[in-house]
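Going line by line, the protein sequences match chains A and B.
For the first sequence, the numbering used here begins at 6 and goes up steadily by one.
For the second sequence, the numbering used here begins at 6 and goes up steadily by one.
No wet-lab data here; the hints were simulated from the structure.
Don't take every hint at face value.
No copy is singled out in the list; a pair is fine if it fits within one copy or between any two copies.
Claimed, not checked - In silico EDC-like links for lysine to aspartate or glutamate, alpha-carbon gap of 16 Å or less:
hint	residue 1	residue 2
1	K31	E85
2	K31	E78
3	K31	E70
4	K45	D20
5	K32	E70
6	K45	E79
7	K45	E85
2 protein chains.
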Amino acid sequence: MKAHVYVMLKRTVLDPQGQTIHGALKKMRYQGVEDVRQGKYFQITLDSALDSAAATAEVERIAREVLTNPVIEEFTYRIES
Amino acid sequence: MKAHVYVMLKRTVLDPQGQTIHGALKKMRYQGVEDVRQGKYFQITLDSALDSAAATAEVERIAREVLTNPVIEEFTYRIES
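Extracted from the complex, chain A is given alone in its bound form:
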């Protein structure tokens, strides 16, 4: 079983990395890009003995307590069986 966790800076937090990439894309003449924001992506391989509810609970706990700084970041996750 695999979990995908996406961590992004909150909308209200400035994202200098994303802005730098956006600026570079504009200079390189890529068309139609209005905004870029960068985040982190984690692939977590879970023990297949875990049932779906336990896996969801564990992944949510890991994302909340370890992978995300709640002051400036927010996360979403998806579990793939």
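Start from chain A and add chain B according to the hints.
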């Protein structure tokens, strides 16, 4: 229109960040985690005047040419209208 680009180290490339997180999770007694790999995640907001084919082509080009180091990384993307 929004594009989501996920960049990961290739399977064959060692991921020390992911290993460090995996080690930390084990020490912190999280259950059932077999592997962790870390990647990058980009949210690209596109000009809504682009049609779907143009957007796909542009995002694929940006991902291939700018966001990914093809020697050690691979990407996937998803476009949301």
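Right, here's what the structure says about each hint:
no. : hint      : verdict
1   : K31 x E85 : neither (36 Å within a copy, 22 Å between copies)
2   : K31 x E78 : neither (26 Å within a copy, 23 Å between copies)
3   : K31 x E70 : between (37 Å within a copy, 14 Å between copies)
4   : K45 x D20 : both (13 Å within a copy, 14 Å between copies)
5   : K32 x E70 : between (39 Å within a copy, 14 Å between copies)
6   : K45 x E79 : both (11 Å within a copy, 15 Å between copies)
7   : K45 x E85 : neither (18 Å within a copy, 19 Å between copies)
Against the hints set out earlier in the document, violations occur for numbers 1, 2 and 7.
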